[in-house]
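Visitor: Sequence:
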Amino acid sequence: MTKIVKTKDYPEITEKYAKKIDPLLALAKRAYGLRGQATPAHTASTKYTELVKEYYANGGSLVALSQRLGVAYSGLRRRVFTSALPPVTRKNRSKVSEETIAKAMDAVLKARDTSTEDYHKALHKAYHEGISLATVSKALGLSSSAPLYYAVQRHEIRQQENKKKKKK
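Numbering (our numbering), first residue to last: 683 to 850.
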């Protein structure tokens, strides 16, 4: 079990969910790779996400829960807001031509100068055309492709939100 940080009094709802989540944490932290896998770690991670979503839906504070459990707030937030996205299927190695990469990079650079939403959309498009975000990050002079994965995810979240708005 992970060490639960108890430095102050937390609301009753936070304590209730912390006790439910704590036994899952150690195993859930070991889940890596695609979400659709049926491993004990992924099962624990899925249950952890369900509990965090339930906690948040019942008015719980993700900041308080993250402090109580000693985990990153950003991780809890990601679990809540990306849980509606379907698990990604395994991608084949890219066989994209240099010309396609160059065109995509031009579009990404133009979009970056336009707006954050356009930039995320261009990254999403490039990614789903089979261009590695590691390749894109190198072309942009970034030391990591992690922010680009966030951008792709953020665009998918926006798409989900727009679908919900249209249904209303």
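Hint data in this document are derived by calculation from the structure and do not stem from the laboratory.
One or more of the hints may lead you astray.
Straight-line alpha carbon distances no greater than 20 Å define the calculated EDC-like cross-link-like pairs of lysine to aspartate or glutamate that follow [what the hints assert, rightly or not]:
| # | residue 1 | residue 2 |
| --- | --- | --- |
| 1 | 701 | 732 |
| 2 | 735 | 704 |
| 3 | 845 | 800 |
| 4 | 777 | 795 |
| 5 | 807 | 838 |
| 6 | 847 | 811 |
| 7 | 848 | 811 |
Visitor: With a cut-off of 20 Å on the C-alpha distance, tell me whether residue 847 and residue 811 pass.
Guide: violated (27 Å)
Visitor: For the pair supplied as a hint, residue 807 and residue 838, is the alpha-carbon distance within the 20 Å limit?
Guide: Distance ~11 Å between residue 807 and residue 838 Cα, so the pair holds.
Visitor: Within 20 Å, alpha carbon to alpha carbon, are residue 701 and residue 732?
Guide: holds (14 Å)
Visitor: Tell me if the straight-line CA distance from residue 845 to residue 800 falls inside 20 Å.
Guide: holds (18 Å)
Visitor: Quick one, are residue 735 and residue 704 close enough, alpha carbons at most 20 Å?
Guide: holds (15 Å)
Visitor: If you draw a straight line from the CA of residue 848 to the CA of residue 811, is it 20 Å or shorter?
Guide: violated (26 Å)
Visitor: With a cut-off of 20 Å on the C-alpha distance, tell me whether residue 777 and residue 795 pass.
Guide: Judged against 20 Å, a Cα distance of about 28 Å means the pair is violated.
The structure fails to meet hints 4, 6, 7 from the earlier list, while all remaining hints are met.
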